[in-house]
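*Asks:* Throw the hints in and build the complete structure from the sequences for me.
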Amino acid sequence: MYNGGVPRPSVLLESWTELVEYFRTQMRTDPDMASAVAAIRTLLEFLRRDKGETILGLRESLKWATDCLTRVDSSVAVSSGGELFLRFISLTSLEHQDLARCKKVMEERGELFLEKISLSRTKVAKLCHTFIKDGAKILTHSYSRVVLRVLEKAAAEKKRFTVYVTESQPDTAGRQMAEALRRLGVPVTVVLDAAVGYVLEKVDLVIVGAEGVVESGGIINKIGTYQMAVCSKAHNKPFYVVAESFKFVRLYPLNQQDVPDRFKYKADTLNNVSELSKEHPVIDYTPPSLITLLFTDLGVLTPSAVSDELIKLYL
Amino acid sequence: MLVEDKKQTEQKKYFRTQMRTDPDMASAVAAIRTLLEFLRRDKGETILGLRESLKWATDCLTRVDSSVAVSSGGELFLRFISLTSLEHQDLARCKKVMEERGELFLEKISLSRTKVAKLCHTFIKDGAKILTHSYSRVVLRVLEKAAAEKKRFTVYVTESQPDTAGRQMAEALRRLGVPVTVVLDAAVGYVLEKVDLVIVGAEGVVESGGIINKIGTYQMAVCSKAHNKPFYVVAESFKFVRLYPLNQQDVPDRFKYKADTLNNVSELSKEHPVIDYTPPSLITLLFTDLGVLTPSAVSDELIKLYL
Chain A
1 MYNGGVPRPS VLLESWTELV EYFRTQMRTD PDMASAVAAI RTLLEFLRRD KGETILGLRE
61 SLKWATDCLT RVDSSVAVSS GGELFLRFIS LTSLEHQDLA RCKKVMEERG ELFLEKISLS
121 RTKVAKLCHT FIKDGAKILT HSYSRVVLRV LEKAAAEKKR FTVYVTESQP DTAGRQMAEA
181 LRRLGVPVTV VLDAAVGYVL EKVDLVIVGA EGVVESGGII NKIGTYQMAV CSKAHNKPFY
241 VVAESFKFVR LYPLNQQDVP DRFKYKADTL NNVSELSKEH PVIDYTPPSL ITLLFTDLGV
301 LTPSAVSDEL IKLYL
Chain B
1 MLVEDKKQTE QKKYFRTQMR TDPDMASAVA AIRTLLEFLR RDKGETILGL RESLKWATDC
61 LTRVDSSVAV SSGGELFLRF ISLTSLEHQD LARCKKVMEE RGELFLEKIS LSRTKVAKLC
121 HTFIKDGAKI LTHSYSRVVL RVLEKAAAEK KRFTVYVTES QPDTAGRQMA EALRRLGVPV
181 TVVLDAAVGY VLEKVDLVIV GAEGVVESGG IINKIGTYQM AVCSKAHNKP FYVVAESFKF
241 VRLYPLNQQD VPDRFKYKAD TLNNVSELSK EHPVIDYTPP SLITLLFTDL GVLTPSAVSD
301 ELIKLYL
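Chains as they are written, first to last, in the numbering used here: chain A, 1 to 315; chain B, 1 to 307.
Simulated from the structure, these hints should not be mistaken for laboratory data. Backbone N, C-alpha and C fix where the C-beta goes; we use that ideal spot for every residue, glycine too. Treat the hints with caution; some may be incorrect.
Said to hold, decoys possible - With the C-beta cut set under 7 angstroms, the calculated list includes, among others, these residues of chain B facing chain A:
1) Leu184
2) Ala186
3) Ala187
4) Gly189
5) Tyr190
6) Ile215
7) Gly216
8) Tyr218
9) Gln219
10) Val222
11) Cys223
12) Asn247
13) Gln248
14) His272
15) Asp276
What the hints assert, rightly or not - Covered stretches of chain A, as calculated for chain B (at least 3 residues, CB under 8 angstroms):
16) 161–175
17) 190–201
18) 213–226
*Replies:* Given below as structure tokens:
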């Protein structure tokens with residue numbers, strides 16, 4: 001029985017471990033999958049196994065499940081992806097007499113949603129690769145699977161380009177990106193985070209991924225993105241962002257401090273460390289004035305158009 | 001030539017000993033001591049020969065330590081000691097005059113850091129939050145002076161890869177009792193909202209009024225400009241160098257990489273450069289022992305030095 005929408009403790013613990021286990025398995029089987037996609041698969045499975053008696057209870061438990069997942073993986077996309085999933089499956093007539101039939105409708109919509117977002121990276125790549133001209137020098141930041149997909153597509157179209165990747169401390173994810181690009185046969189150079197200003201003279205364009213896209217059209221991404229954007233503006237180089245639409249999130253930060261702490265640090269840090277001010281934040285916020293274009297599966301958008309698209313998604 | 005090799009090794013040894021005995025000394029000061037000693041021991045027969053061998057000695061030293069200051073310091077030393085009447089009949093007397101001027105020069109520059117600190121610490125207000133880059137002994141001296149004047153301030157230092165020199169700076173500041181936070185190089189834009197001013201050292205000051213400093217300084221300057229925070233540079237006057245780069249590529253390779261890298265590696269394009277150039281438009285003020293200068297005033301001062 002649900003008690004004001006909050007499941008009983010024993011039910012909680014059991015399903016929590018199951019949930020986390022399923023999520024982790026998903027991430028392990030396909031390392032190329034976005035963590036948000038893995039989260040949505042988990043939520044869909046949770047929906048299927050749920051034994052609730054009311055629609056309201058179902059929604060409550062799905063919200064609780066999303067909350068659990070954000071405590072495992074604190075990235076913005078998991079949070080926004082979960083919310084969009086919930087809205088999408090509820091965005092239909094749930095006026096059936098039978099609870100089982102309602103659930104079935106929700107499951108079908110859930111599967112539809114999952115299918116759509118699995119194709120989103122390919123759509124983004126198709127839109128973006130045309131902006132990479134032959135002989136271009138590209139600068140990118142840290143490891144982004146979307147950017148990797150875009151560059152794969154450009155390479156498949158037989159374009160010749162070179163890439164500079166920032167090393168991206170503290171986890172040196174940039175080296176992983178460089179490895180992946182070398183396997184594609186793309187000439188790549190790893191540069192220090194401090195060398196972004198130095199290298200920007202030489203590059204033609206900058207492409208970065210995004211962990212979340214906010215209402216103003218700005219983005220939340222790995223730390224170092226903001227200063228890359230400022231320097232690109234100073235050098236008048238186009239600053240492109242590639243992101244899937246499930247990363248659109250209902251936030252409106254005005255500066256770096258406005259981004260909630262739950263996104264700024266990794267989940268482990270949030271759970272274990274008490275003095276957050278001593279930790280290095282892992283993300284920063286880039287305002288829309290520094291972004292040239294955003295490539296999403298909803299189309300190529302200017303930052304000002306993002307809020308319109310966001311409204312359409314969340315309505 | 002064997003004699004030359006011997007002299008070179010002797011010189012390098014002296015230079016290294018100087019650096020070891022006083023780790024707080026600027027490498028350029030150590031280089032100038034070495035040149036002075038070289039002058040004393042030199043057995044040349046002509047003034048012209050003396051100048052040539054001093055130039056050769058400076059060249060050797062830049063191959064040990066490729067920082068801009070060693071190169072500019074050496075050149076200024078040579079000009080300063082020759083900037084006098086050398087019309088004596090006796091070579092020994094000329095040499096003596098040169099040695100005296102050399103010692104005078106050395107004395108002046110040993111005091112330069114203190115002069116800079118005296119000028120700069122007044123710009124640090126009580127309760128200020130300062131951002132600095134990597135390890136700079138001049139900035140450290142300025143902050144020491146400000147702390148001695150009982151000012152309360154906090155410092156953010158960038159870690160400064162690839163040698164993480166920023167941590168050394170943080171350690172030194174902790175010993176002074178200054179609250180310090182080490183931030184990632186990538187976090188400069190993130191942290192600039194919170195700071196009041198930015199102070200950096202310089203490895204070299206160029207003719208345009210721009211500076212050459214550890215890599216990461218340029219993007220710190222761009223971000224400071226974007227946030228409208230004052231960007232101060234502290235440098236001694238022997239760092240003024242006769243270069244006029246227009247962009248990052250114009251800085252000569254011999255300054256961009258450490259001496260070991262230049263000697264051992266053939267493909268320089270694969271190496272990480274250790275310095276970058278910051279144009280004068282991004283710098284608010286330069287604090288030197290010649291006074292507090294705007295970037296445009298630097299070229300005038302430089303001309304006076306090198307004339």
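*Asks:* If a hint holds in the structure, say so; if it does not, say that too.
*Replies:* Evaluated hints:
{"no.": "1", "hint": "Leu184", "in the structure": "5 angstroms, holds"}
{"no.": "2", "hint": "Ala186", "in the structure": "3 angstroms, holds"}
{"no.": "3", "hint": "Ala187", "in the structure": "5 angstroms, holds"}
{"no.": "4", "hint": "Gly189", "in the structure": "3 angstroms, holds"}
{"no.": "5", "hint": "Tyr190", "in the structure": "5 angstroms, holds"}
{"no.": "6", "hint": "Ile215", "in the structure": "5 angstroms, holds"}
{"no.": "7", "hint": "Gly216", "in the structure": "3 angstroms, holds"}
{"no.": "8", "hint": "Tyr218", "in the structure": "4 angstroms, holds"}
{"no.": "9", "hint": "Gln219", "in the structure": "3 angstroms, holds"}
{"no.": "10", "hint": "Val222", "in the structure": "5 angstroms, holds"}
{"no.": "11", "hint": "Cys223", "in the structure": "5 angstroms, holds"}
{"no.": "12", "hint": "Asn247", "in the structure": "6 angstroms, holds"}
{"no.": "13", "hint": "Gln248", "in the structure": "5 angstroms, holds"}
{"no.": "14", "hint": "His272", "in the structure": "6 angstroms, holds"}
{"no.": "15", "hint": "Asp276", "in the structure": "5 angstroms, holds"}
{"no.": "16", "hint": "161–175", "in the structure": "holds (count 5)"}
{"no.": "17", "hint": "190–201", "in the structure": "holds (count 9)"}
{"no.": "18", "hint": "213–226", "in the structure": "holds (count 4)"}
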